[in-house]
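Place chains Y, X and H on chain A using the hints.
Protein chains: 4
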Amino acid sequence: MFNIALFGAGRIGQVHAVNIAKHPKTKLYSIIDPYVEGANKLAAEYDAQVQSIEQAMADPNVHAVCICSATHTHADLIELAAQNGKVIFCEKPIDLDISRVRDCLATVRKHSVPMMVGFNRRYDPQFRTIKNQLNAGVVGQPESLVITSRDPSPPPAEYTKVSGGMFRDMTIHDLDMARFIMGEDPVSITAHGSCMVDPAIGEAGDIDTAVLVLNFPSGAIATINNSRRSGYGYDQRIELHGSKGLLQADNVKENLVQNWGDDGCVAAKPQHFFLERYEAAYIAEWQDFVDVLEGQEPECGGADGEFALVLADAALESMKQGKTIKL
Amino acid sequence: MFNIALFGAGRIGQVHAVNIAKHPKTKLYSIIDPYVEGANKLAAEYDAQVQSIEQAMADPNVHAVCICSATHTHADLIELAAQNGKVIFCEKPIDLDISRVRDCLATVRKHSVPMMVGFNRRYDPQFRTIKNQLNAGVVGQPESLVITSRDPSPPPAEYTKVSGGMFRDMTIHDLDMARFIMGEDPVSITAHGSCMVDPAIGEAGDIDTAVLVLNFPSGAIATINNSRRSGYGYDQRIELHGSKGLLQADNVKENLVQNWGDDGCVAAKPQHFFLERYEAAYIAEWQDFVDVLEGQEPECGGADGEFALVLADAALESMKQGKTIKL
Amino acid sequence: MFNIALFGAGRIGQVHAVNIAKHPKTKLYSIIDPYVEGANKLAAEYDAQVQSIEQAMADPNVHAVCICSATHTHADLIELAAQNGKVIFCEKPIDLDISRVRDCLATVRKHSVPMMVGFNRRYDPQFRTIKNQLNAGVVGQPESLVITSRDPSPPPAEYTKVSGGMFRDMTIHDLDMARFIMGEDPVSITAHGSCMVDPAIGEAGDIDTAVLVLNFPSGAIATINNSRRSGYGYDQRIELHGSKGLLQADNVKENLVQNWGDDGCVAAKPQHFFLERYEAAYIAEWQDFVDVLEGQEPECGGADGEFALVLADAALESMKQGKTIKL
Amino acid sequence: MFNIALFGAGRIGQVHAVNIAKHPKTKLYSIIDPYVEGANKLAAEYDAQVQSIEQAMADPNVHAVCICSATHTHADLIELAAQNGKVIFCEKPIDLDISRVRDCLATVRKHSVPMMVGFNRRYDPQFRTIKNQLNAGVVGQPESLVITSRDPSPPPAEYTKVSGGMFRDMTIHDLDMARFIMGEDPVSITAHGSCMVDPAIGEAGDIDTAVLVLNFPSGAIATINNSRRSGYGYDQRIELHGSKGLLQADNVKENLVQNWGDDGCVAAKPQHFFLERYEAAYIAEWQDFVDVLEGQEPECGGADGEFALVLADAALESMKQGKTIKL
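Protein chains in written order, with the numbering used here: chain A, 1 to 327; chain Y, 1001 to 1327; chain X, 2001 to 2327; chain H, 3001 to 3327.
Isolated chain A, as found in the complex (with noise of 0.2 angstroms):
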């Protein structure tokens, strides 16, 4: 039984003290948040301790850490865990500046702590059935890919400020699936937004509408289609065509029932949100770490987590520039 010390008691941090406590060989061992109400809350509703940051990492009881704390400390609690030995799960992303992010995971490396970025998308049963397809040599050769990928509805404005912008924030899931299903890196990006579902957004210096194109050293093209509001749910899709034919994943619906009536034949919207979407992928990912901890290479470590960032980084400058920006 491995105990986990969870720092963040916020939405992402309640969804992983679910699936720890549910997982037989994984205990929600201590719960580190600075709002103690919320700590205190989820501590008692899995008979938890409450820890501070120091308490947690000095505890030798500790076998691994799960970060779900706010963005801007990621990075810090990364170092402090692998300067203390704890086996390390960390949200996306490690960090909103590059140079932080490669401080952070040469501080990893340094200390020879295994360490797993949860993109948990790479978890989803849809993407991962594309994947396994893919590698199965269904499609043949991959040539073209194509992510569709709309939140429900945008953020407040002030959000965007503190989030790194749309391509770090959102577009970076995206980025690390194109990665992950194509299987070899983009040689170039070139990306396209605007600001059109909220003015205040814009305002923010951000955008909320987005297309992205990366290009892949086997001739491959990728392209990301992205909104900050669908008007429909939660819509999370993938195509891959390959050189014998495509693969599609569809949206999850909310059910299977069809209506067929006056107005057409009505079908359920997409499940709303990612806690709805990605509930088997978060099940799956954890299962993952799981295997980490017993010894496996993470599939989804730093170097991924580093590299998503780059590609959004490089988006950003794509736009600002109006070309193609090579990596």
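Partner residues are not named here, just some residues of chain Y that face chain X (Cβ under 8 angstroms, in silico):
(1) His1192
(2) Met1196
(3) Val1213
(4) Gly1219
(5) Ile1221
(6) Tyr1232
(7) His1241
(8) Leu1246
(9) Gly1322
(10) Lys1323
(11) Thr1324
It should be emphasised that the hints constitute simulated quantities derived from the structure, not laboratory data. Glycine included, C-beta positions come from ideal geometry on N, C-alpha and C.
Positioned in the frame of chain A, the structure of chains Y, X and H alone reads:
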């Protein structure tokens, strides 16, 4: 070029007029209809002549008749055509009375005239695909057939009085379809009906909602689900379950556009009614009749028209007696 | 926290063990199974104790029983539990003999013990959505219900001898579903069956292919399409046609990925069998039982178990006599 | 009745011949083709005459020309027709050279002759439904358009040399579609291409796989996904995301039958190629030209043909320079 005399210038006559005129091997030679204005109009549109029944039957230039007149005139016209050596296409039914049907078919046989009965759905590309795939062994031996057949909205209660009732008027198509798909004749039939759509239909002695079960010598079972009203267009589907799997023919929708929005994912309704849904079937049916004109054995002949009526009559008997009728 | 004594450590017992253990309000307290090795193994896995029937029934710490043992033991265990004041969850069927069922339910009533019968499909999110939408008036008054229910592959012919036959063993779920959806009890039933899947099943006196028709007081008609073998996984669908339209619950597929290639567009099969297909239903069912433990009236009680068996018996009678059986 | 002179008796000429002949208001008056045998054959089939270019242009009975000849002859024939006062229908492109296009259109304007360019996909019922629903406000303001357009299999590498390259030959349809759907002209274009299907195409200086991004004044963004080979038929889809939701036009399949079996649920492939997929579009397009003959303004005129070529040229430039081209 075969000259066709068309009896009946109404809705279904007009469907055939188009197809006769467009087919490179048939010419719409003449129109016969007691409603002279309708006959004149249709004749003008296709550059055809208007004839009386006697003229058409006696005209050596008429190679074949296409009988689309009122139901009660079918048997007489068939006999006249047979006596005059015309090849016969007749819309279903031959007659609503089975003994009249048998007399009429005896006359046809006596004169050795080829005759085709217009069970148009046999020529629907979707259902034909099911038949072809069954024949190709795709699902093995047929075990269970489910026919769903609902009209968009009920006819006036008045109509049900002259139509011979729901089984003879509407279900007869599905009864023929069951024989067509299964490729064997049922050994028994059980029918259940009720009046749920329009009380006036019940007062007129008819039903508007029905389920029929047909048992086949092989042990296979077919069910027919009927309603005089769907609420969403013309519902025409078939499911065939065999020893190796399932074949499903879904409805043909008005278009393939889906609209994802606040109310869910909305697709178009099925095509409204038989003119739209079976447009391709009517064209293919006419091609088949041209093949008959050129010497091919009719795929759907007088005996098929007779058998379908036998089944409809037995269904009525079953419903009245509340028990299975052996055939 | 309610302590649950689980009778039966087999396949279905294990399904409930997981859900009992995961539910925050129930504890898997003890396992009872004549096959000691199985009981020990399951008890070890969940940190539960192994008890004899007598020990469990006498143990004041046991709040409720979950009966998942062999069918022929159900009625005895129910009566013992009732006599000992335990709240009862029992897998279907109560018994295969209707008079034994009635005696047993009389005992339960005498002791005023809440009892729930495990018709798990009522809790399936898809079918529940249909029921909810019907209740919300989405399709108006129900007129025609079509239940498709096919197992992926037949049981050994040996099993059919102890199962009470297809209607009592398999169709009973669909009979309960028809009552559940329609919200009224049928007034007559007509059943048709044949043996098409495995001749050994026929030699054992059973059928493997069936169609049943249920007539309701309102005039509505339900049909059930059954087979012991699908060739493509577990086929579990419902269609409800009402005065204003149609509700369809499609199969739940193994995944949502489509592969377009030379052979067409290939989607995944339905989830293989009931453990996968009804995983969510079993969880919701257990939640409902927890509500019963907390004082709520059981949604699906002894009378529902009794009525389903009455229908199965009547179906058998109908098939034998070749006529509709009034209820 | 309008008499039509058809230039070109090849594949696309034959498509128009059928539609000209079937339309009640047009007559296939004459065929003009340097390949005399082809012209004779087609003329015989439709009871038309064979003419030379000069005869057709001089013939006062010819009301309009339908230009389906080799691409390099289009501009000359358009000018001749304009000078002779014939109404003009011309297959795309007007010419592969933009200055020749502009000269040609100047001639047409000078003679005030109505001219329609054959971007057939505008008339596809699926895409037209999207346009109509957008106009009806169903999805609010357009924000993101995704066009998927893949041919079933690549042309011979030889062909790419005379075709003007993939953008001018194939993508030009999608460029026009983007303008048609969005209802505004793009302000910039970025193109990415590679050769993944056939190395011989690359050696001939062309590409076979491409992604294009178009930016519109409103901030909306369109992407085009192209390939010369799909592996599953003709892939022609459109997705339009707007401020209130999404419109999707799926592929038109060869049939609507699904086969559930051991390999999953298999549906038919998309209709193979443009003759099948756009059969209805060609008929609607011809109807639109008849409306032009009767005095209506062409919906898709010379300026549309010119703009599509400007976009294709800019796309080529963008790909070569690796940057966005402002328009």
